[in-house]
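Just so you know, numbering that gives the first Met the number 0 puts 327 at position 328 of the sequence shown, and the rest follows in order with no gaps.
One should not assume that every hint holds.
[Said to hold, decoys possible] Okay, derived cross-link-like pairs now, EDC-like style, lysine to aspartate or glutamate, Cα gap no bigger than 16 Å in a straight line: (1) 247 x 351; (2) 1 x 64; (3) 86 x 47; (4) 202 x 351; (5) 91 x 67; (6) 28 x 58; (7) 303 x 171; (8) 40 x 58; (9) 28 x 68.
Hint data in this document are derived by calculation from the structure and do not stem from the laboratory.
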Amino acid sequence: MKDKIVVVGGYGQVGQVICNSLGNLFPGKVFAAGRSFEKAKQFAATTDGKVLPLQMNADDSQPVDLFEEVTLVVMCLDQDNTHFVEKCFEHKIHYIDISASHNFLSKVRNLGNNERPLQSTSVLSVGLAPGLTNMLVKKCAQVLDEVHSADIFLMLGLGEQHGKAAIEWMVDNINIDFSVVEQGLKKQVKSFEDGKKTQFPGKLGRRTAYRFNFSDQHALPDTLNIQTISTRICFDSAVITNLIALLKKSGVYRFLQYQVFRQFMINLFLKLHWGSEIYVAKVSAFGLNNNQTVCYECSIVGQKEFYITGKIAAFVARNIYSKKYQPGVFHMEELFQPMELIDDLGGLVTFDERYNLLPVTINS
Numbered sequence: 000m001k002d003k004i005v006v007v008g009g010y011g012q013v014g015q016v017i018c019n020s021l022g023n024l025f026p027g028k029v030f031a032a033g034r035s036f037e038k039a040k041q042f043a044a045t046t047d048g049k050v051l052p053l054q055m056n057a058d059d060s061q062p063v064d065l066f067e068e069v070t071l072v073v074m075c076l077d078q079d080n081t082h083f084v085e086k087c088f089e090h091k092i093h094y095i096d097i098s099a100s101h102n103f104l105s106k107v108r109n110l111g112n113n114e115r116p117l118q119s120t121s122v123l124s125v126g127l128a129p130g131l132t133n134m135l136v137k138k139c140a141q142v143l144d145e146v147h148s149a150d151i152f153l154m155l156g157l158g159e160q161h162g163k164a165a166i167e168w169m170v171d172n173i174n175i176d177f178s179v180v181e182q183g184l185k186k187q188v189k190s191f192e193d194g195k196k197t198q199f200p201g202k203l204g205r206r207t208a209y210r211f212n213f214s215d216q217h218a219l220p221d222t223l224n225i226q227t228i229s230t231r232i233c234f235d236s237a238v239i240t241n242l243i244a245l246l247k248k249s250g251v252y253r254f255l256q257y258q259v260f261r262q263f264m265i266n267l268f269l270k271l272h273w274g275s276e277i278y279v280a281k282v283s284a285f286g287l288n289n290n291q292t293v294c295y296e297c298s299i300v301g302q303k304e305f306y307i308t309g310k311i312a313a314f315v316a317r318n319i320y321s322k323k324y325q326p327g328v329f330h331m332e333e334l335f336q337p338m339e340l341i342d343d344l345g346g347l348v349t350f351d352e353r354y355n356l357l358p359v360t361i362n363s
């Protein structure tokens, strides 16, 4: 029977949150999958049989009966190619991806443009950023008559134990050039430069955040037709944020091309636990309401980025598994409503919004 859910990377930090959430709803239908059967088995043993272990490597050929029995795959691991995704589509398996690589997600998105129509639903940009940030931008688009520009700000707590793959991705993107959309045109920018100040909620205060290559800013001009958009990052420690920006300005990160220095930086971030486990996602949108130039801001504050990522993925998976959505490849904001997600997260997050009716200067 085609009713099983496979969470690839299911015994990892985020994967466990997804498996536990789905296992409580669909006991015996959820499989924690990964290369190590022993790790999958150890985790599954803590779930009272609600989650089952499965050994599999997404890079290898999978047995035919696996695809015949699975209706949904949640991918928690980074992939080098789309072979596994294509195999899921061939077997009409729904697919959810929590990865943050714009390059990879754009390849998956393009699979939906093939001549042969898909018969399953794929959801990308599922997590904090991309994911929750996309939904906050959609909230802005729903409030304003027109959105002329949107600035996404992300604050991450350095006290959280971030996974190695996430640290590697951040280090590999700290010294790159990438393109953003400004006034409908592509513009080249540099990572961790072009700082912009913003007021974060509550006592967090005013901080400077810097450009970073999160995939939300690449998807949103297409999905929400916003002509100017950017994503910037800072950490809960202003000292560390400023230090990273200063090192970028000094040119130190050019040595990241050497494996020894790259590994040193990865190890440094893995050992750095100076701060809290807070995360904040905020969007400042400028546009028009009733022909008046206004600014609308909304934000989400919570604890433990890995946990909220898992909960958001579980929200999407639960809906895809139990409801019928149109086939194709979508970013999260194309299928779901912001407040539907925020209400579902409940006490895990604090939602705040501010509406400035006074005239402001667009792109300020």
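Check your understanding: residue 91 and residue 67: Cα distance at most 16 Å?
Key -> holds, 9 Å
Check your understanding: Keeping to a limit of 16 Å between CA atoms, is the pair of residue 28 and residue 58 held or broken?
Key -> violated, 23 Å
Check your understanding: Would the pair residue 86 and residue 47 pass a check requiring their Cα atoms to be no farther apart than 16 Å?
Key -> violated, 31 Å
Check your understanding: Can the restraint linking residue 1 and residue 64 be considered satisfied, given a maximum Cα separation of 16 Å?
Key -> holds, 10 Å
Review point. Residue 303 and residue 171: Cα distance at most 16 Å?
Key: violated, 23 Å
Exercise for review: Mind checking the alpha carbons of residue 28 and residue 68 for me, to see if they're no more than 16 Å apart?
Suggested key: holds, 10 Å
Review point. Are the Cα atoms of residue 247 and residue 351 separated by 16 Å or less?
Key: Status violated; Cα separation ~33 Å.
Exercise for review: Decide if the proposed pair is consistent with the structure: residue 202 and residue 351, CA atoms, cutoff 16 Å inclusive.
Suggested key: holds, 13 Å
Check your understanding: Does the alpha-carbon distance linking residue 40 and residue 58 stay inside the 16 Å limit?
Key -> violated, 21 Å
Consistency note: the structure conflicts with the earlier hints numbered 1, 3, 6, 7 and 8.
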